[in-house]
Structures are given as C-alpha cells and as structure tokens.
Amino acid sequence: MTRIFETPLYPYERSADQDAEAPVRHPVIVVGAGPIGLAAAIDLAQQDIPVVVLDDNDKVSFGSRAICFAKRPLEILDRLGCGEAMVEKGVTWNTGKVFFDERKVYEFNLLPEDGHKNPAFINLQQYHFEKFLVDRVFDLQAQGKLIEIRGNSRVTAVDAEDSHVSLTVETPDGPYRIEADWLIACDGAGSPIRAMMGLDFVGRVFEDNFLIADVVMDADFPTERWFWFDPPFNRGQSALLHKQPDGVWRIDLQLGWDIDKEKEKLPENVIPRLKAMLGPDIRFELEWVSIYTFQCRRMEKFRHGRVLFAGDSAHQVSPFGARGANSGLQDTDNLIWKLKLVMGGLAPESLLDTYDMERIHGADENILNSSRSTDFITPKSEMSRIFRNAVLDLSEHHAFARPLVNSGRLSVPCTYDGSPLNGPDCATMPARTRPGSPAPDAPVSGNSNEWLLGKLGNSFQILAIDVETPPSVCVGGICADRVTLSTEDNPALRERYLGEAEGAVYLMRPDQHVAARWDHWNDEAVRRAIETATGRNVSGLAGGLR
Amino acid sequence: MSGLNLDPNLAKADDFYESLLAAHEGLTKAESDAFNARLILVLANHVGDEGVLSQALEAARLSRDETSS
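Line order of the protein sequences matches chains S and W. With the numbering used here applied, the first sequence corresponds to residues 1 to 546, in that order. With the numbering used here applied, the second sequence corresponds to residues 1 to 69, in that order.
A portion of the hints provided could be inaccurate.
Mimicking DSBU-like on lysine-lysine, the simulated pairs with C-alpha atoms at most 35 Å apart in a straight line are [unchecked claim]:
#1 S/Lys263 <-> S/Lys104
#2 S/Lys104 <-> S/Lys243
#3 S/Lys89 <-> S/Lys265
#4 W/Lys29 <-> S/Lys104
#5 S/Lys340 <-> S/Lys97
#6 S/Lys117 <-> S/Lys104
#7 W/Lys29 <-> S/Lys97
#8 S/Lys380 <-> W/Lys29
#9 S/Lys104 <-> S/Lys89
Just the calculated beta-carbon pair ranges, DEER-fashion [to be verified]:
#10 W/Gly48 <-> S/Trp257: 51 to 59 Å
#11 S/Leu111 <-> W/Gly51: 27 to 35 Å
#12 S/Gly418 <-> W/Asp49: 20 to 28 Å
#13 W/Gly48 <-> S/Glu495: 33 to 41 Å
#14 W/Glu18 <-> S/Gln295: 45 to 53 Å
#15 W/Glu50 <-> S/Glu495: 23 to 31 Å
#16 S/Asn57 <-> W/Ala44: 48 to 56 Å
#17 W/Asp15 <-> S/Gly418: 45 to 53 Å
#18 W/Glu18 <-> S/Asp200: 53 to 61 Å
#19 W/Thr28 <-> S/Gly418: 46 to 54 Å
#20 W/Leu4 <-> S/Gln295: 32 to 40 Å
#21 W/Gly51 <-> S/Asp200: 35 to 43 Å
Chain W is faced by these chain S residues, among others (derived, beta-carbon under 10 Å) [said to hold, decoys possible]:
#22 Glu224
#23 Ile386
#24 Phe387
#25 Arg388
#26 Leu394
#27 Leu404
Just so you know, these hints were derived from the structure itself, not from any lab. Heads up, the beta-carbon is just placed ideally off N, CA and C, and yes, glycines get one too.
Only chain S is shown next, with the shape it has when bound in the complex (with noise of 0.2 Å):
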C-alpha cells in the first residue's frame, strides 16, 4: 500500500511563466506547502488575492512531525474551511497522565470548557493536516479562485527590492525567473529564503536528541497522554505516548547527547527500546522513525519590507506544548488581512509592522514556555534534578506540587495586550475579551447548533449584545457590518462578553481579535477604532508591544 505521504499530490507541471519573454508579475508567492504556507495561501484565495506557492516537493510531510492542534488553530481553520474535517478524523483527548520512575505520581484533565465548539486539543498527525489542507486548495481552484500549488519548484535566488520581490525557481526543466509584488516565506525552520537573505536566526540550542516513533499497533491504551520522568525502561531520560488517528501511536524517548543518531534510528536498536516501555505482548509496527534535537529561537524581525516570514521561518520552539505549528497558523491568521488591506490601498504599509509586534510577542510568550519546560524535562545541573524529583515526588501526595509539573504547557494563543491596534477597552467587561483577545467561542443562541465564531471572521464587524447599533459602519472604504446577539438564555455569552454590563458593543478584527469594546453605541468612537485597528492613526507604530 502506498502510504499517504509517499503519494505525489500536485506534481511539476510546466507554467506558462517558465515561457514569458520577461519575468511574469505575481501579487502574492507564497514559498513552501506547509501547514502555514497552505494555510496563509488559503487564506488568500478566500479573500480574492491570487496566490501561487512554491514547495520544493510535491507532497505532504514525511512522517506525522506536528500532531497535536490546539482550539485556536481549529477555530482558524474552520474560518479556513477545513476545520470541521480534521476534526473529525483526529482524536480527542483530554486527560493526561504524569509517571515518575515506576509510579503514576498524577493525572490532569484538560476540563475543556462547556460552550465552544471545537476541542481544546486533537491529534492529527501532519500528513493529514497537510492532506486537508491541499483538498481544499484543490476545492477553491474548483470554485475558480488564484490559488496555485508549483510541485518540484525550489528558489534558488532571491532578489528583494523596495518595490518587489524576484526569485529564482528551479525546475525538472531548468530554472525560470518569477516576480511577487509580496513574498510570504514559510519555508520552514532551516528557511532557504532567510539563509539567502543573510538573516540571522539567534536563540538556545538544546543538547539533547529525542527518538520518535510511530508505531501501529492494536492496543487498549486509552487516549490520553502518557507523559513519564525517568522510566525503568528508559533511565534518566523521559517517554511520551501519545494516540493519533489509524491506530498509529505517537512514542517519543528522550536519548541524552553523546549518541550515534544513525544506530540509534536502527530498526534492530528501535524495537527493543519499544517492547521494553509497551512490554513484551504488545505487536506493533514501525511506521516512521526519526531523531531530532531542537532550539528555541526567532528573527530579529518577521517583515523585510516585502518579504514576511511566518511559522518555523521565523520562530522556532521545542516541541513539549505543541506551540510550532500553532503558533504559525496564529501567524497567518494575523498577517492576511493587514497584507489584503495594504494591496488595497485601505491601510499604510505600517500596518504590516504590527504583524511584527503582534506575532514576536506571541513568539516570545511560545518560546519562554516552551524553554521552560525542556528545563524541567532535561536539568541542567545537578540541583535542578534534585528540586525537579522533588516536585514530582511532592505531586503524588500533594496537589500544591501538581501545577509545578512540567511536561508541557499546551498551546493557548496570546492576547496582544499594548498592541497599537487596540482601541478603547470598557472596565466592567470581562478580562478575558478586553482588546487585543482572541475572541471566545460562545453558542448563538440558548438552544442552537450555531456558533459565534462561525459568524465571525474575514472583514472588519460590529459585534452587538443586547444593545441597538447601525447595519454597518463605514469610514475611509472599510465597512464594519453588524452581527447582533442577545444574552436572553445564554448564558455563556453573558459571562465572556458582558460580565457586569448590560449590553457589549464589540468592534471585531478579520482575524476575530477583539478591537475595542463598549457598552453602549457611539458611532464616533467605533470609526475612530476602525482608524486604529488598520494602523491609519500612524502615531505608535514604533516599538514592541509593552
């Protein structure tokens, strides 16, 4: 049986750009057929800019690499529209269990709240993802937009100017030169466009090697995580199990430093390790094996003027927290609609240095965490093993302990808190919806299958609560139109938007961020924070977020 991600999926065909005369003008390439360069390509084509992606092969990830997604990035993929599928193919899980030597020392549950519609986590392995993702560009092509996957086309030279962005694609027939008015990079944490832009890439390496394998197998393991410190059958390192869809097992066993990566990848070295954590009765199957070490690392700067670098290409975490591929699908969701109002002529080019601010404070708050949990699974010294054994042991009789165990601290998405964009707040509402937030999920009404964010998204809105507003609001050709909810028998609504008010007038992003918040209309104020949120008020636009 060929296996999915052995399968070519859009393979090299000739472009009519390969015979023009001159280099034929693109307004938007995107480089590499990730996760994010799908996912931002997608985004593109929804929003009417063509787009074209270059990948330097023509198939989905070898192995399941990224596996756990969070609610935030299926929530973007459902604006997307291929959130419900993956969804629906991956598994669900909400527990995880903590081991410590030969012991359970705890269990959590990821207690997901009532009243969203999608899962805190599920577990899709990458080749999947990636897979649905290419379904739907193959669906929007079907529908007649822009949007063009080039299979075996690797840029061999890139030119940045002030006014656009040349590239060199090599081809299975010979180079050809390409042009974008915007080049979006999303070729991945060794990034050949940031290597050929001579920019830096500065953070912490981690003197460690984790071996994964992926393992089909007939178990009753139940889907949980299985997190394990120091296991007899992997000493002084750590293990993790972990289900994906197909009957495929997730195992993951920290290997230490001074190792021989090329034998330790050896079937004959793999599956004794194997039977010594699943014991000796359990039949399996190799699917895939790999090594990796990692970093904790990020560009200076996401934009050089017409080159955006989004996902590995420009930050890089550890994987304990699932916050790579999460953070990067958080960095499209971000990046889209400023590019498609900058193109418009509807925002200054100023507004894509939020991008930056925006999405190197999201970096930043994924790689404190993640670096914070790879110094709890692998000390450093010999004290921080004794204060980490020590939490562990204090954890089984003792609930203070639990939230210092650290195998992970899963993917949640920042609030840009500070973020130039942000428009006036009102103190009485709750603060898990003040400006910047993601917006949270919340049903329509008290007894429907809707769902707020489904009504959410794309452009510019005017979220009403239980308060009269205008249709729409327009200022400067950007139209804010209304969708009007009332708190009547919802409850949940009620407690994440109101809190003490009674009524919520909601300016909401494209990307379903939280602008500014009243409670009450005033037309005024609503179009001096449409103004704010586009970056036209250009005063502030300088410096991180605080």
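Based on the hints, put chain W in the right spot on chain S.
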C-alpha cells in the same frame, strides 16, 4: 503587601532546629538534598506571595550589601 520577616519569629528556635536536624538523621547526602528541596517547595507554596518569595531568594543569597547593612 507585608514584606519578608527577617526578625526572630520562631517561638521555640532550638526546638525547630533540633527537628530539622532530626529529619535528616540517617539520610544519605542524596536523600538529604531531596528532603531539603521538598521542604523548600512546601514552604514556598505556604508563603505564596511573589514579593515575599523574591525577597527570600535575595536574603538567602547573602550578598555583601545585605550582610553589611
């Protein structure tokens, strides 16, 4: 916010000191290190207050300024 108390606060200082030593009686160096780490974590959780804890970390450093003042 009340600060870290660095004045004598143990009603029976000698009794506490004796129990501390007794708790380590018969432990290996590794077991004692682990015990101390657990004790620090238990006490830190009881204190809870971030400000007091950061003052405690500073006080335990015995930096020159601290000791000479």
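Structure-based check of all given hints:
| no. | hint | verdict |
| --- | --- | --- |
| 1 | S/Lys263 <-> S/Lys104 | 32 Å, holds |
| 2 | S/Lys104 <-> S/Lys243 | 19 Å, holds |
| 3 | S/Lys89 <-> S/Lys265 | 29 Å, holds |
| 4 | W/Lys29 <-> S/Lys104 | 26 Å, holds |
| 5 | S/Lys340 <-> S/Lys97 | 44 Å, violated |
| 6 | S/Lys117 <-> S/Lys104 | 32 Å, holds |
| 7 | W/Lys29 <-> S/Lys97 | 31 Å, holds |
| 8 | S/Lys380 <-> W/Lys29 | 20 Å, holds |
| 9 | S/Lys104 <-> S/Lys89 | 30 Å, holds |
| 10 | W/Gly48 <-> S/Trp257: 51 to 59 Å | 37 Å, violated |
| 11 | S/Leu111 <-> W/Gly51: 27 to 35 Å | 30 Å, holds |
| 12 | S/Gly418 <-> W/Asp49: 20 to 28 Å | 26 Å, holds |
| 13 | W/Gly48 <-> S/Glu495: 33 to 41 Å | 27 Å, violated |
| 14 | W/Glu18 <-> S/Gln295: 45 to 53 Å | 50 Å, holds |
| 15 | W/Glu50 <-> S/Glu495: 23 to 31 Å | 28 Å, holds |
| 16 | S/Asn57 <-> W/Ala44: 48 to 56 Å | 51 Å, holds |
| 17 | W/Asp15 <-> S/Gly418: 45 to 53 Å | 52 Å, holds |
| 18 | W/Glu18 <-> S/Asp200: 53 to 61 Å | 58 Å, holds |
| 19 | W/Thr28 <-> S/Gly418: 46 to 54 Å | 51 Å, holds |
| 20 | W/Leu4 <-> S/Gln295: 32 to 40 Å | 38 Å, holds |
| 21 | W/Gly51 <-> S/Asp200: 35 to 43 Å | 38 Å, holds |
| 22 | Glu224 | 27 Å, violated |
| 23 | Ile386 | 5 Å, holds |
| 24 | Phe387 | 5 Å, holds |
| 25 | Arg388 | 9 Å, holds |
| 26 | Leu394 | 6 Å, holds |
| 27 | Leu404 | 7 Å, holds |
Consistency note: the structure conflicts with the earlier hints numbered 5, 10, 13, 22.
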